[in-house]
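There are 2 protein chains.
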Amino acid sequence: MTPLRIERLALIGLGLIGGSLSLALKSAGVVGEVVGYSRQLPTRLRAQELGLIDRAVDSVAAAVHGADVVFVATPVQAMAGVFADLAPELSPTALMTDGGSVKGAVVAAAKSALSAAQWAQFVPGHPIAGTEHSGPDAAFATLYHNQRVILTPLPENSPALVARAETMWHTAGAVVERMTVQHHDHVLAATSHLPHLAAFGMVNALARLEERYEVFRYAAGGFRDFTRIASSDPVMWRDICLANRGELLPMLDHYLAELTQLRAWIDAGDAPAIEQQFAEAKAVRDALYRPPAAR
Amino acid sequence: MTPLRIERLALIGLGLIGGSLSLALKSAGVVGEVVGYSRQLPTRLRAQELGLIDRAVDSVAAAVHGADVVFVATPVQAMAGVFADLAPELSPTALMTDGGSVKGAVVAAAKSALSAAQWAQFVPGHPIAGTEHSGPDAAFATLYHNQRVILTPLPENSPALVARAETMWHTAGAVVERMTVQHHDHVLAATSHLPHLAAFGMVNALARLEERYEVFRYAAGGFRDFTRIASSDPVMWRDICLANRGELLPMLDHYLAELTQLRAWIDAGDAPAIEQQFAEAKAVRDALYRPPAAR
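So the protein lines, in turn, are chains L and D.
First residue of the first sequence? That's -14 in the numbering used here, and the numbers climb one at a time after it.
First residue of the second sequence? That's -14 in the numbering used here, and the numbers climb one at a time after it.
If you are wondering where the hints come from, they were derived from the structure by calculation, not from laboratory data.
These numbers were taken from a predicted model, which means no experiment stands behind them.
Errors might be hidden in some of the hints.
A pair holds if it fits inside one copy or across any two, identical chains being indistinguishable in the list.
[To be verified] Calculated pairs, SDA-like style, for lysine to any residue (alpha carbon to alpha carbon, straight line, at most 25 Å):
no., residue 1, residue 2
1, 96, 254
2, 11, -12
3, 96, 18
4, 11, 162
5, 11, 156
6, 96, 14
7, 11, 78
8, 96, 256
9, 96, 268
10, 11, 62
11, 96, 139
12, 11, 120
13, 11, 253
14, 11, 92
15, 11, 133
16, 11, 200
17, 11, 76
18, 11, 132
Whenever a hint applies, use it, and build me the whole structure from the sequences.
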């Protein structure tokens, strides 16, 4: 494997995802200069202050100019505009990749904004990492350590370019896998997009109760963990839900059917059926995550 | 406040809740002897081996005989049988209390099994504490430290008896509050019973997908936290759902309506409505839990 060297990294979007990749590559000593752009001036200044970027610029085009790697880490709904803005300045040898949680909509946006040659420079990706915090202050260099990054290469990508994207993520500490765009969006609808929707909905359902203050007072550790992802960035998740609605809505219907079936069993007092469902869920989850050592 | 002294504590149910109370009272040095009963012989032996109890007996009656405090910590559906078994041996001066997560059904079960005088000895309670682990090995002395315990005293309880229950929980490190049985069951349906149902349902919905192994492979930290409570004890939660179905089912309907509304907005592409919902949920949750210090 050729060791990674990036002369100039262009970072579009200076939050948790972009900022953490920059910090990881900087701490690995493989990047010359990081040039960053975010729509908001205070975000740009803060990112520079925190050392996520070496230089802040005031347009996408200025960030991309002369960069050999371009990483787009904005909310997915903003990416169409970013691709249109960067197209005139994208170096013909640059690798372009992204961190969007949805791949189908992002790939479609790139296709309509880029030339055929530029399109072949785009290796779509999705780091399966994050916390419920967002913005430049949330970034840290080890976010991707041992986390999965999914690349969904396009048929038009050269093997060398895909390998470069892979090496970049390895350098950041990640485990890289490849799958198709369609498969990615289906799997993530199940394990990430639906749970976020369910958590946002749960907090709101309870917040709508007349006695909401009283109710939340008695929320314990289980509720805190269950709703952690409802503290995630609303704009990012609005975008994901809309961009992946084709996969998300059938998955939500599947979940609603499950809850409706449980409702019927509880209403009917069908103790064996309920216990079996709960036992199956516990067995699946216990197998998925090794429990911490007993205290 | 009179310092607490318990000559003989009878523990019915030797899992996380009962075992942890015993360990807490033992480590505070306020209890003479702990006599324990569980339906399963291996559980009794293990509880003794772990020091949760000083002596294991093979019937509820034998455990309660001569005890000045009786703590019932079985799954709630088993409590009717426990109350019937203990009635003949309950000392007329003993305090009886429980750790059931539902209070209405437990109070009704106690009422039908006990004499009027014994009924007045029962101070129903619910420690809002626990982990997703269960059984004697899960018990630890500090489980209740700074956790809330809700007592739902009956009109028939003497103030002295309620005070004794309160002192016992204070001694275990808990913060004690009082509310009515009905209010307890409503509040807990919202913050605990519904989230558990939603988490069990989520794991099962995903487990039913054809590509379940593939799907779970990409589950990240958000999913792990969201589904932690789906690793809870199936029998305990079956009982809670059935015992509190009067409060749980309307709460579930309220949640289903919330998800159905979100579904409609996503389907219609109503970005402002979705963003507002997510932002409200985030604001409510952030206010509820102070975020950990940024890394």
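Evaluated hints:
1. In this assembly of identical chains, the alpha carbons of residue 96 and residue 254 lie at most 25 Å apart only when taken from different copies (22 Å versus 54 Å within one copy).
2. Taking CA atoms no more than 25 Å apart as the test, residue 11 paired with residue -12 passes inside one copy only; the shortest distance there is 14 Å, against 61 Å between copies.
3. Taking the shortest Cα distances, residue 96 and residue 18 never come within 25 Å of each other, neither inside one copy (28 Å) nor across copies (75 Å).
4. Taking the shortest alpha-carbon separations for residue 11 and residue 162, only the intra-copy value of 23 Å comes in at or below 25 Å, while the best inter-copy value is 52 Å.
5. In this assembly of identical chains, the alpha carbons of residue 11 and residue 156 lie at most 25 Å apart only when taken from the same copy (10 Å versus 53 Å across copies).
6. Taking the shortest Cα distances, residue 96 and residue 14 never come within 25 Å of each other, neither inside one copy (33 Å) nor across copies (72 Å).
7. With identical chains, the CA atoms of residue 11 and residue 78 are at most 25 Å apart within one copy only, with a shortest distance of 22 Å there and 71 Å across copies.
8. With identical chains, the CA atoms of residue 96 and residue 256 are at most 25 Å apart between copies only, with a shortest distance of 23 Å across copies and 53 Å within one.
9. Proximity of residue 96 to residue 268 under the C-alpha cut-off of 25 Å is found in neither arrangement, the shortest distances being 43 Å within a copy and 36 Å between copies.
10. With identical chains, the CA atoms of residue 11 and residue 62 are never at most 25 Å apart, being 28 Å at best within one copy and 58 Å at best between copies.
11. Taking CA atoms no more than 25 Å apart as the test, residue 96 paired with residue 139 passes inside one copy only; the shortest distance there is 11 Å, against 69 Å between copies.
12. Proximity of residue 11 and residue 120 under a CA criterion of 25 Å is satisfied intra-copy only: 19 Å inside one chain copy versus 48 Å between copies.
13. For a Cα distance limit of 25 Å, the shortest separation of residue 11 from residue 253 qualifies neither inside one copy, at 60 Å, nor across copies, at 43 Å.
14. Proximity of residue 11 and residue 92 under a CA criterion of 25 Å is satisfied in neither setting, with 28 Å inside one chain copy and 63 Å between copies.
15. Proximity of residue 11 to residue 133 under the C-alpha cut-off of 25 Å is restricted to the intra-copy arrangement: shortest distance 20 Å within a copy versus 46 Å between copies.
16. Taking the shortest Cα distances, residue 11 and residue 200 never come within 25 Å of each other, neither inside one copy (46 Å) nor across copies (33 Å).
17. Taking the shortest alpha-carbon separations for residue 11 and residue 76, only the intra-copy value of 22 Å comes in at or below 25 Å, while the best inter-copy value is 72 Å.
18. In the homo-oligomer, the alpha carbons of residue 11 and residue 132 lie at most 25 Å apart inside one protomer (18 Å), although the nearest pairing across protomers, at 44 Å, exceeds that limit.
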